[in-house]
Amino acid sequence: MTASTTRASAGRRFLRLIATSPGIPVGGGLLLLFVLIALFGPMTVADPFAQNVMNRLQPPSAANWFGTDEFGRDLLSRMVHGTRTTLMVGALVAALAGAAGVLTGLLAGYYHRLDNFIMRIMDGLLAFPSVVLALGLVAALGPRTSNTIIALAIVYTPRIARLVRGVVLNVKEQEYVTAAKAVGARDERVLWLHVLRNVTDMIIVQLSYIFALAVIAESALSFLGVTGSVLNPSWGGILSDGRTYIYQAASMTVIPGILIATLVLALNLLGDGLQERLDPRLKGQLRG
Amino acid sequence: MTAFIVRRLLSLIPVALVVGTVVFALVHMIPGDPVTVMLGSGASQSDIQRLRSQMRLDEPLVTQYFSWLTQTLQGNLGNSVVQQRPVLEIIGERLEPTLVLAVSATLVGVLLGVPLGITAASRAGTLLDRVLIIIAVAGISIPYFWLGLLGIIVFSVELRWLPATGYLSPFQDGLASVRYLILPVLALGISQAGFVARLSRTATLQVLQENYIRTARAKGVTARSVMLSHALRNVLIPIVTVVGLSFGILLGGAIVTETVFGIPGMGRLILQAIQQRDYPIIQGALLLVAMFNVLVNLVVDMVYIVIDPRISYS
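Each protein sequence line maps, in turn, to chains C and X. Under numbering that gives the first Met the number 0, the residue at position 51 of the first sequence is numbered 50, and the numbers go up by one with no gaps. Under numbering that gives the first Met the number 0, the residue at position 112 of the second sequence is numbered 111, and the numbers go up by one with no gaps.
Hints listed in this document are in silico derivations from the structure and should not be mistaken for laboratory results. Be a bit skeptical, because a hint or two may be false.
Said to hold, decoys possible - Computed Cβ-Cβ distance ranges for the label pairs, DEER-style:
hint : chain 1 : residue 1 : chain 2 : residue 2 : range
1    : C       : Tyr246    : X       : Arg84     : 30 to 38 Å
2    : X       : Met301    : C       : Ala98     : 36 to 44 Å
3    : C       : Leu14     : X       : Leu110    : 20 to 28 Å
4    : C       : Arg112    : X       : Ser40     : 47 to 55 Å
From the three backbone atoms N, C-alpha and C, an ideal C-beta is built for every residue, glycine too.
Start from the sequences and build out the full structure, keeping to the hints where you can.
In structure tokens form, the structure reads like this:
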């Protein structure tokens with residue numbers, strides 16, 4: 000009896016989740032689908048590098064669902080492989096920016112002496128439009144995918160750092176932190192146990208937005224031709240090639256864009272849903 | 000007020016210093032020697048040496064940094080290595096298309112986004128609100144450069160109504176330039192409208208919870224009148240911030256959009272300069288774009304004081 004009650008209430012909880020914050024199941028579900036494609040897709044599709052010049056710039060057909068590119072390569076398999084690149088870049092950028100942002104934000108907020116120095120650097124980085132800073136960083140570091148990840152992580156670190164710092168400044172004044180310090184807790188313990196816990200929810204929400212922004216930025220950089228390599232098919236790269244053949248093969252432009260937009264939509268919906276769920280007060284305020 | 004402006008201007012100094020240092024560091028990290036790129040692989044060693052010392056690349060990096068900083072502070076951004084002309088002159092020629100694009104797209108974004116956000120907020124919780132939210136999220140999620148490409152496919156390739164690429168200055172021929180500007184401006188503006196709409200909605204919702212709104216409603220003021228004469232002015236304050244933020248994003252967006260539409264603006268200049276290792280141009284262009292962005296946000300802060308007399312910064 001207990002088991003069935005639990006199952007029923009779990010089912011009801013899930014239904015309520017869908018009803019109240021549909022962003023989480025819809026966005027999360029779509030994201031999961033992309034992750035599955037990235038993990039298992041490449042095993043099921045044709046060779047993304049196999050050329051067939053007799054069959055170039057073809058529209059979608061039964062043999063090539065998404066058509067072919069300027070070398071007659073199958074666009075479906077190139078896009079399935081590109082899913083890996085895009086997801087990897089987005090996830091790693093979010094993770095790195097999150098880690099660096101939390102660290103700098105904690106230091107700036109907690110240690111007054113470091114605050115001014117760290118935050119002026121963050122202000123300086125925020126002065127650049129993000130695409131422009133990413134462009135400069137990629138040019139400086141070189142066009143490898145790993146460098147694109149580092150560049151975008153630097154671009155988005157200040158967003159997290161500012162947020163974390165703000166919360167730290169607030170939490171620092173709370174009585175439980177004073178109490179912890181009074182009983183002799185070390186700085187690290189106060190930071191990890193009391194301060195970080197208060198920012199985790201916000202960071203999770205922000206990371207899904209940064210993931211989304213990084214996906215768009217990565218495609219913009221590949222579109223501009225400053226990043227990406229011939230060995231790594233990417234959605235932005237296909238878009239960029241598609242620009243050249245826009246008169247002959249529109250599907251080369253249309254399909255990768257739909258994929259980018261769907262993934263970004265999934266991440267934004269997930270972020271919104273999480274935000275509603277975790278902190279209704281902040282709804283819609285922290286985007287940018 | 001004057002004290003506030005002075006303080007705000009002073010706060011620009013550390014930001015400008017960081018921006019300058021970042022720009023200098025980036026440019027000097029770019030792999031490859033500009034001299035060999037410029038002279039080609041067949042250049043003799045003595046030619047390379049001569050050009051290196053002419054460009055002062057043989058000096059220690061710290062010396063180069065301080066002499067660049069001093070020059071820049073005096074308003075001298077140096078000469079383009081490739082074109083042998085002052086960087087400021089070259090940037091001056093390329094600034095207009097980027098600014099026209101960014102400013103018009105900001106207008107489109109605000110004119111579409113603000114009414115959308117306010118409407119959604121005034122009908123909060125209804126089906127209309129939900130639909131508008133979804134439209135706004137979709138707008139944010141569609142890459143603006145792809146929207147531009149779709150525009151080209153539909154209106155240039157298929158319908159042949161509009162040119163796919165090119166630029167004509169609106170100051171030269173206002174009407175004819177619209178044909179070139181309409182696609183890039185709409186592509187950038189529509190995606191920005193989603194961002195503006197979300198923030199406007201949040202801002203309006205917050206104002207609508209204020210006590211004076213409740214009082215007005217209790218006194219029997221109509222919903223329309225509450226919105227227009229009680230809420231709107233207060234909603235405008237956070238929205239001005241959105242415009243400032245938006246402009247920065249669109250400045251970056253304009254740079255990518257220029258590539259889509261073959262518009263000869265700052266973005267094309269920066270990309271070309273990176274390929275040619277034209278250090279002075281990359282430095283000057285990145286510096287100006289960042290400082291311009293900072294200044295716009297400074298102006299936004301000033302506008303606050305004008306629209307909200309309650310705010311005083313003295």
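Structure-based check of each hint:
For the hinted restraint 30 to 38 Å between tyrosine 246/C and arginine 84/X, the CB-CB distance of approximately 36 Å keeps it satisfied. Distance hint check: the CB atoms of methionine 301/X and alanine 98/C are about 37 Å apart, consistent with the given range 36 to 44 Å. For the hinted restraint 20 to 28 Å between leucine 14/C and leucine 110/X, the CB-CB distance of approximately 40 Å leaves it violated. Checked against the given bound of 47 to 55 Å, the beta carbons of arginine 112/C and serine 40/X, roughly 51 Å apart, stay inside it.
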